[in-house]
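In order, the protein sequence lines correspond to chains A and B.
With the first sequence counted from 1, adding 113 to any position gets you the numbering used here.
With the second sequence counted from 1, adding 113 to any position gets you the numbering used here.
Among these hints, one or two may not hold up.
Which copy is meant is left open, so a pair is good if it fits within one copy or across any two.
Below are the DSBU-like pairs computed for lysine-lysine, each with C-alpha atoms no more than 35 Å apart in a straight line [as the list claims (entries may be wrong)]:
hint, residue 1, residue 2
1, LYS208, LYS304
2, LYS379, LYS209
3, LYS194, LYS423
4, LYS379, LYS160
The hints are simulated quantities; they were obtained by calculation from the structure and are not laboratory data.
2 protein chains.
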Amino acid sequence: MTNKPHIAIDAMGGDEGVRVMMAGVAEARRRHDGLRFTLFGDETRIKAALDNHPNLNAASEIAHCDGVVDANEKPATALRKANSTSMGLAIQAVKKGEAGAAVSAGNTGALMAMSKLALRTMPGIDRPALAALLPTLGDNDVVMLDLGANTECDARNLVQFAVMGAAYARVAMDLSSPRVRLLNIGTEDLKGTGEIKDAASILRESADLQMSFDGFTEGDKLARGDVDVIVSDGFSGNVALKTAEGTARFVTDLLRRAFTSSIRSKIGFLISKPAMHLLKHHLDPNQHNGAVFLGLNGVVVKSHGGANAKGVANAVHVAARLLEEDITQRITHDLAQIHALAKAETAAK
Amino acid sequence: MTNKPHIAIDAMGGDEGVRVMMAGVAEARRRHDGLRFTLFGDETRIKAALDNHPNLNAASEIAHCDGVVDANEKPATALRKANSTSMGLAIQAVKKGEAGAAVSAGNTGALMAMSKLALRTMPGIDRPALAALLPTLGDNDVVMLDLGANTECDARNLVQFAVMGAAYARVAMDLSSPRVRLLNIGTEDLKGTGEIKDAASILRESADLQMSFDGFTEGDKLARGDVDVIVSDGFSGNVALKTAEGTARFVTDLLRRAFTSSIRSKIGFLISKPAMHLLKHHLDPNQHNGAVFLGLNGVVVKSHGGANAKGVANAVHVAARLLEEDITQRITHDLAQIHALAKAETAAK
Chain A
114 MTNKPHIAID
124 AMGGDEGVRV
134 MMAGVAEARR
144 RHDGLRFTLF
154 GDETRIKAAL
164 DNHPNLNAAS
174 EIAHCDGVVD
184 ANEKPATALR
194 KANSTSMGLA
204 IQAVKKGEAG
214 AAVSAGNTGA
224 LMAMSKLALR
234 TMPGIDRPAL
244 AALLPTLGDN
254 DVVMLDLGAN
264 TECDARNLVQ
274 FAVMGAAYAR
284 VAMDLSSPRV
294 RLLNIGTEDL
304 KGTGEIKDAA
314 SILRESADLQ
324 MSFDGFTEGD
334 KLARGDVDVI
344 VSDGFSGNVA
354 LKTAEGTARF
364 VTDLLRRAFT
374 SSIRSKIGFL
384 ISKPAMHLLK
394 HHLDPNQHNG
404 AVFLGLNGVV
414 VKSHGGANAK
424 GVANAVHVAA
434 RLLEEDITQR
444 ITHDLAQIHA
454 LAKAETAAK
Chain B
114 MTNKPHIAID
124 AMGGDEGVRV
134 MMAGVAEARR
144 RHDGLRFTLF
154 GDETRIKAAL
164 DNHPNLNAAS
174 EIAHCDGVVD
184 ANEKPATALR
194 KANSTSMGLA
204 IQAVKKGEAG
214 AAVSAGNTGA
224 LMAMSKLALR
234 TMPGIDRPAL
244 AALLPTLGDN
254 DVVMLDLGAN
264 TECDARNLVQ
274 FAVMGAAYAR
284 VAMDLSSPRV
294 RLLNIGTEDL
304 KGTGEIKDAA
314 SILRESADLQ
324 MSFDGFTEGD
334 KLARGDVDVI
344 VSDGFSGNVA
354 LKTAEGTARF
364 VTDLLRRAFT
374 SSIRSKIGFL
384 ISKPAMHLLK
394 HHLDPNQHNG
404 AVFLGLNGVV
414 VKSHGGANAK
424 GVANAVHVAA
434 RLLEEDITQR
444 ITHDLAQIHA
454 LAKAETAAK
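Produce the entire structure from the sequences given, and follow the hints as far as they go.
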């Protein structure tokens, strides 16, 4: 478990195949000088894909394996193939310290189960969380976590998620003190579950954290761009993420329907194409690709199954940034602050 | 608590004032022949507003009061003014049986607290829930509940919400057997909390309900139009509702920004205006106005604070339909089925 700039790539995951994965990794390599890769998967197909990318070819070694984790495979079944699949072996490389990070576009549940089992949670973290970047109306994306790894969470989990999310935002968006809020059903102190209220008071009392914690936010403010990290349990986080995706699709579907409702609209649509392109670009998941499992002894990044080369490049870029900035160390630092505070409080009682 | 076609109106609630409320009620009156109203609030202002609506004037009596519940008033404070405010007195009229339903565009928290205290939950219901209609890509809206009345819910609560939501969908959308699903973070049986899984098995076993229960749905499928009722606890329901509202606003804001980014886009926008109008119409909350507190001994409908006359008319229409179709009786029927099943199971043990 080192931070050497070496990333293990599951070349076989994702719906778009080896060629798209390799094109994406090659693009990321151009942004990160000195980065090296081990590419896990079918050697013949990887080699063929590398033909177009001499820069990546020169920076990579191939580790052949036959096994692949299926997109619909249950995590429990996938776990049995940890040592024979491209996904499993990429994670093993992180465990052995041969790589600092792993990137896969495969089955999320399997990736999480394998990562947890192989890498274990880092000291001070009870449960890892799944974090991702979402688009906003502001200049930066917003980090949301947990997006589904933990269905039920207590106050301690939520506090740890806040610490991990803030560390991720500092690295991914170059912020010194990210604005962190807990997702709630109102912004008044009285609102929400006991767990959320307790987490809020712990975070308020912890003054030395590298974040600016400011209470609660609500579902309608996720994309406003005035918050950098939104923390929730995995159930409501997953509901919020999917509702946002579904609603964005719903509105653009309505728009498409409206634009094809008359010849006049069709003409308007043609003229407005650059504007529509801007919208599409902003909502494009490839622009915000790279969900991260935070809280493990090692960096694991999940690329969208349907990501294009640009999307894959963004996911690899996220992994490289997390390695370069040593996210594990940053999380450890903030956790130590919270633990010191808890100890001082216990001693004072 | 009768079902006579008489509705108590809180004339003072809402951001748009007495005139908009009266215009909306007058519009609803035209759709429901024989409906009568008691209008609670400032007599002078109500009378002035009625000048434009002789049809409503002829079908109404005015009950003057000076007190108003403030938009930002805490529910606990509002409760003390149950007998002196337009909102409180409208609910009292339902309690006394003088009206079958109350409609208010005022403070949601205060309306819920006052309604619960005055009307109490109906037999067989542990907790009332807040339900609303949301737009979909299909022909019908979708009923969502609970939207924030109950932060934490057990399986029994969720089952009762399903029964109430199905009854509401039958009335509001004229469906004989609404398709009901529980909101979850996946559609596989293994997904979600214990409460959700237990609620699903109770609903699956209850064969004689007037609904077609079909397991789980996810946040990205809320607006697809293939489900009629989506059931959740009040926390995730509120998160989903607000995230949907916020994302719709986010996308339309992006669109506006894109359309004003160049002269070409502006021209395109002008030509596409009818298309944009269609989109706006579909997303307009006034089209889907009328959130309902289900599970009380009496019908209480909450109109959006910012609703226009058309929105208010829709809220009053919802109240009238719930009265005409005797929603309380429909809920009672389905609850009896579930209780009979539970008894039979206990006896069999």
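Item to check | Within, between, both or neither, where LYS379 and LYS160 count as close if Cα-Cα is 35 Å or less | outcome: neither (45 Å within a copy, 49 Å between copies)
Checklist entry - Given a CA cutoff of 35 Å, do LYS194 and LYS423 count as a within-copy pair, a between-copy pair, both, or neither? => result Intra 29 Å, inter 60 Å, cutoff 35 Å: intra-copy only.
Checklist entry - For LYS208 vs LYS304, is the C-alpha pair at or below 35 Å within one copy, between two copies, both, or neither? => result Between copies, since 29 Å is at most 35 Å while 42 Å is not.
Next on the checklist: When Cα atoms must be at most 35 Å apart, do LYS379 and LYS209 count as within-copy, between-copy, both, or neither?
Outcome noted: So LYS379 and LYS209 fail the 35 Å test inside a copy (57 Å) and across (57 Å) alike.
Hints 2 and 4 from the earlier list are contradicted by this structure; the remaining hints agree with it.
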